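**Student:** For this one, chain A is given, so just place chain B with the ligands on it according to the hints.
Read top to bottom, the protein sequences are chains A and B. Following the working numbering from start to finish, the first sequence increments by one per residue and tops out at 261. Following the working numbering from start to finish, the second sequence increments by one per residue and tops out at 451.
Just so you know, the hints here were simulated from the structure itself, not pulled from any lab data. Worth double-checking, as some hints may not be accurate.
[What the hints assert, rightly or not] Ranges of calculated distance between the beta carbons of each label pair, as one might list FRET restraints:
(1) B:LEU125 <-> A:TYR121: 24 to 30 angstroms
(2) A:SER67 <-> B:GLU237: 21 to 27 angstroms
(3) B:ILE170 <-> A:TYR121: 35 to 41 angstroms
(4) B:GLU438 <-> A:THR201: 49 to 55 angstroms
Note that the structure is predicted; figures quoted are calculated from it, not measured. Ideal Cβ placement from N, Cα and C applies to all residues, glycine included.
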Amino acid sequence: MNSSANSTPALAIENLHKSFGKAKIIRGVNLKIGKGERHAVIGPNGAGKSTLFNLITGRFPPTSGKVRLHGRDLAGLAPFQINRMGLSRSFQITNIFPKMSVFENVRCSLLWSKGYRYSFWNMVSRSQDLTDAADSILEQINLTARRDLPAGVLSYAEQRALEIGITIAGGANVIMLDEPTAGMSHSETDYIVELIRTVTEDKTLVMVEHDMGVVFGLADYISVLVYGEIIATGRPEEVRANPKVQEAYLGAALEAEH
Amino acid sequence: MNEQDQITTDPTKPAQRMRAGSMTISATPWIVAALVLIVLPMIFTNNSAITIMNQMAITIVFALAYNMLLGQGGMLSFGHAVYSGIGGFACMHIMNATEFFAVLPLPLLPIFGGLFGMGLAMIVGSFSTRSAGTVFAMISLGVGELIAASSIIIVAFFGGEEGISGDRTYSLPFFGIEFLKQIEVYYLISAWLMISTLLMYLFSRTPIGRMANAVRDNPERAEFLGYSARWVRFYSFIFSGFFAGIAGALFAINYEILTEENLNTTSSGVILLVTFLGGVGFFFGPILGAIVFTLVQTVLSLQTDLWAFYAGVLFVSTVMFFPGGLAGLIMMHVPAFKFGKARHLVLPYIRTLLPGLITILGLSALVEMIFHFRHAATGEDEMTLFWTTFDSHAVFPWIIAIVVTAAAFWITRRNVPGLVEAWHKANNFSGGRT
Ligand SMILES: Nc1ncnc2c1ncn2[C@@H]1O[C@H](COP(=O)(O)OP(=O)(O)OP(=O)(O)O)[C@@H](O)[C@H]1O
Ligand SMILES: [Mg+2]
Numbered sequence: 004m005n006s007s008a009n010s011t012p013a014l015a016i017e018n019l020h021k022s023f024g025k026a027k028i029i030r031g032v033n034l035k036i037g038k039g040e041r042h043a044v045i046g047p048n049g050a051g052k053s054t055l056f057n058l059i060t061g062r063f064p065p066t067s068g069k070v071r072l073h074g075r076d077l078a079g080l081a082p083f084q085i086n087r088m089g090l091s092r093s094f095q096i097t098n099i100f101p102k103m104s105v106f107e108n109v110r111c112s113l114l115w116s117k118g119y120r121y122s123f124w125n126m127v128s129r130s131q132d133l134t135d136a137a138d139s140i141l142e143q144i145n146l147t148a149r150r151d152l153p154a155g156v157l158s159y160a161e162q163r164a165l166e167i168g169i170t171i172a173g174g175a176n177v178i179m180l181d182e183p184t185a186g187m188s189h190s191e192t193d194y195i196v197e198l199i200r201t202v203t204e205d206k207t208l209v210m211v212e213h214d215m216g217v218v219f220g221l222a223d224y225i226s227v228l229v230y231g232e233i234i235a236t237g238r239p240e241e242v243r244a245n246p247k248v249q250e251a252y253l254g255a256a257l258e259a260e261h
Numbered sequence: 018m019n020e021q022d023q024i025t026t027d028p029t030k031p032a033q034r035m036r037a038g039s040m041t042i043s044a045t046p047w048i049v050a051a052l053v054l055i056v057l058p059m060i061f062t063n064n065s066a067i068t069i070m071n072q073m074a075i076t077i078v079f080a081l082a083y084n085m086l087l088g089q090g091g092m093l094s095f096g097h098a099v100y101s102g103i104g105g106f107a108c109m110h111i112m113n114a115t116e117f118f119a120v121l122p123l124p125l126l127p128i129f130g131g132l133f134g135m136g137l138a139m140i141v142g143s144f145s146t147r148s149a150g151t152v153f154a155m156i157s158l159g160v161g162e163l164i165a166a167s168s169i170i171i172v173a174f175f176g177g178e179e180g181i182s183g184d185r186t187y188s189l190p191f192f193g194i195e196f197l198k199q200i201e202v203y204y205l206i207s208a209w210l211m212i213s214t215l216l217m218y219l220f221s222r223t224p225i226g227r228m229a230n231a232v233r234d235n236p237e238r239a240e241f242l243g244y245s246a247r248w249v250r251f252y253s254f255i256f257s258g259f260f261a262g263i264a265g266a267l268f269a270i271n272y273e274i275l276t277e278e279n280l281n282t283t284s285s286g287v288i289l290l291v292t293f294l295g296g297v298g299f300f301f302g303p304i305l306g307a308i309v310f311t312l313v314q315t316v317l318s319l320q321t322d323l324w325a326f327y328a329g330v331l332f333v334s335t336v337m338f339f340p341g342g343l344a345g346l347i348m349m350h351v352p353a354f355k356f357g358k359a360r361h362l363v364l365p366y367i368r369t370l371l372p373g374l375i376t377i378l379g380l381s382a383l384v385e386m387i388f389h390f391r392h393a394a395t396g397e398d399e400m401t402l403f404w405t406t407f408d409s410h411a412v413f414p415w416i417i418a419i420v421v422t423a424a425a426f427w428i429t430r431r432n433v434p435g436l437v438e439a440w441h442k443a444n445n446f447s448g449g450r451t
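With the rest of the complex left out, here is chain B:
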């Protein structure tokens, strides 16, 4: 069944750009995803890779839950970490309730996290979902700050500054698995990733999920069709709270410790940025955002102390230049593929993206050099960048970096018109454009 949505191919109107294509509920992507999840740890076998993948999966669940609000329901929350945090803390307490935990198989624990997230969302949602705009955003921020602040005061539940820790292995063994090994935890998290993603996707196809879109676009009209915009928002909100709670539970299982950091407004801000980076207009957007962000956060942070700076630049440029996010960028190309004209784009892309990439690397090299020049301990003038070691106080490396960056930038600029032209050519089936 065809049931989507906008199509425009105009690269100058990213905001109006489309969700193209048909939306048959097909099993193929799910089977592929499951296979990838099964195979991944056989390719990346070392523990740190598995840790990264666990972190990624948890972020994906959280970002998808967040997008139930932002993308599908049009509600901007600045305090959503609270719901995953509550789910996580609740699970830590269940882990520490040894008698109960001893009869509970660990794979069932996330359900409790979800229920706690949902419970809190019911309380907050009962008054916050009255409107979707600034009022909702402000309430979410206020509640977020409030609960983050009480986490330091209510030590019994939140454990104060040390947080709460526990031991997942005290649970009832699950078919003999005690979850001592990282890989066992990986498969547990992956299973929950699949289940949660599927359920959230199915939610978007239900009557209430469709009405969430309708209320997002035009709450007043929805009211004249028999739906209370407030109740529609409330349902989206509590389901989002449920899946956020699952993400929190998975965090608890993976790290066996929760602290204030899990529910403070910084974490809430990060999940907003992750979701936006991936693209709020498409179901799979937050998945991309979570993957890219986790890679930046883990892999890039091993390479440079400035990773947060780069992440910030990435977010700002997404918001400014690609408001459709990564998913929007990808889906922009669907029409060209559909009409078999995508190959016209390959060469122009290489011509601009390759020098563009060199420009970005050059700029980041300059940033690193400035940072090293200003902050390295006296006497430590040597630095290593792109497998080259040099003296950051000498003039020559600076000249090279500046010249390479400028040249790459110049080539990029010169090739952009060609790309724009190719883009128009590849998309001119809609007529009227030359």
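Isolated chain A, as found in the complex:
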């Protein structure tokens, strides 16, 4: 399906199902996402995009089916174990540490990946590598001026930027972003798109996004999820031209854009 088809895909999803009670939300998803690919998942509201993210990242167990990260089966693994394997995600509904400072938010998201683990013999403020790395993330997400404020008082757009900062800070090689630009203004969106482009250089990106400008600007591949099933996967131009997609979703979405 893509250029790196012969090597292990970063993410491989096989016949994934998820039901909440009687409601079948994910209904047989198959998807391979190659290393270094920027893959957008689009689809109407309630299609199950966030649920798919939750299944991949270990937030919910699937009803059946498999998820592999770099070839390793993720069945039964907790979110923290999956994260340690190099997968990091952001949330559609901002999920930060509102009472801690912006700086502290970022520093906490660096700790595990920098090897501090459950250490009780290091002082965080004495670890210059941590401070420097956190400050450079803050610089990237344009929040240096907000460094010492509690994250909870930031504006919505700033919190979204912090959400992305927390997600990328640990240097994971598979980054999953759930609607990173939702609710942002045009200029904020442009800024975030550029940011996402830079920080996911040489990484695998999976992204849920409603803004078609962002999708076509960033994605190498697009999958369309409708009612729990992927109805099309391919290069942006292929997906755009696909009549099924036109009918089910994209026509309406593209019209809404204009």
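**Tutor:** Structure of chain B with the ligands alone, referenced to chain A:
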């Protein structure tokens, strides 16, 4: 390095109120604290004062240990006395193991108390730290009750109703000190107070300490950053158990007796209240709580039989009106000081707090009079209150007490708007408030 936290100056939102200011790890407060501890017994020389200070120091260590859970880890425990109690009982048994104790310098004994507290915390924490909410609270209560109940059954370890007593002076003399004198015990406890406080403070600055805060605020997000919320809680829990055990050991050294009372749920409840009174949002909060509570418990209890009633009122009003505790109240004023506007508050404070204080004293006088009227032996109508002796069955003292209280209350009420206005003026640098 600036690494804290919330700042809001809004007095109407005590819960969201801030930890302000910078958090440079500076040596000054520690040196000052050490000097104060050294000098205190030279000022308060009599034995009862030293007893009070020992009690205070032990409570501080315990409350700080407790706040590692409650304030920093977001875990509400109703049975934390168990860990200090176990540490204390273990130390009593070490004291009674004469051969071993004879080669052990007494100042090292608290380490054993800590290890026993930590050991028990490892066992209980292995299943209780799975979640932080109601489940954790219920398990802590259950385990607390369980161990308190077994203390009466397992007589060999807990000594039944009499408890276990011992003699600290059988230890190996420490540079010639045999800890016969109260003052020697005071310095031993003070040294451990400094060490424990410093270590607990440093713990809060380590990666695991920072993650304890993160897990407290948003355990789910922490899991998506590579941390198991459960393990983070477990580490906080066992370190808290360690320092609780140290507090128990210091109790054992100071009183040379431990009973069921040291680990029952009442003691667990008291340490929760002490910590809350001081303020869970700041590291130094529990220190204030322990100092104030110990003073109420010791000094006030000499003045009145109703001290527990007043302590209860103090706790309830803290929970209701100042959920940030004493530390929260103090830190609320940091912004006004920072911006040099605190002096605008002095006069309005005097205008409200002075009559407010008289109102409180008046109310407590009425409470005392009611108590005396109802409970004094027949014929003993005389009572002494605020250095005045009078007949609690006469009408005149009642009229005076009621009039003074009502007048003071009226003045307080009248001056509150002025204080509120001054408060807003002193804090309006944040803009948008008038
Ligand atoms: N934990 C849950 N329990 C029950 N139902 C759920 C749960 N999570 C999601 N759902 C349901 O699954 C469906 C898909 O939700 P999901 O959030 O995955 O959609 P989405 O594609 O991300 O939509 P949107 O574009 O609005 O974010 C919805 O009908 C939702 O109500
Ligand atoms: Mg969604």
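**Student:** So, for every hint listed, does it hold in this structure?
**Tutor:** Going through the hints against the structure:
As the Cβ distance of LEU125 (chain B) to TYR121 (chain A) is approximately 27 angstroms, the hint placing it in 24 to 30 angstroms holds. Checked against the hint of 21 to 27 angstroms, the pair SER67 (chain A) and GLU237 (chain B) passes, with Cβ atoms roughly 24 angstroms apart. ILE170 (chain B) and TYR121 (chain A) have their C-beta atoms about 37 angstroms apart, which keeps the hinted 35 to 41 angstroms range intact. For GLU438 (chain B) and THR201 (chain A), the Cβ-Cβ distance of about 51 angstroms falls inside the hinted range of 49 to 55 angstroms, so the restraint holds.
Every hint from the earlier list agrees with this structure, and none is contradicted.
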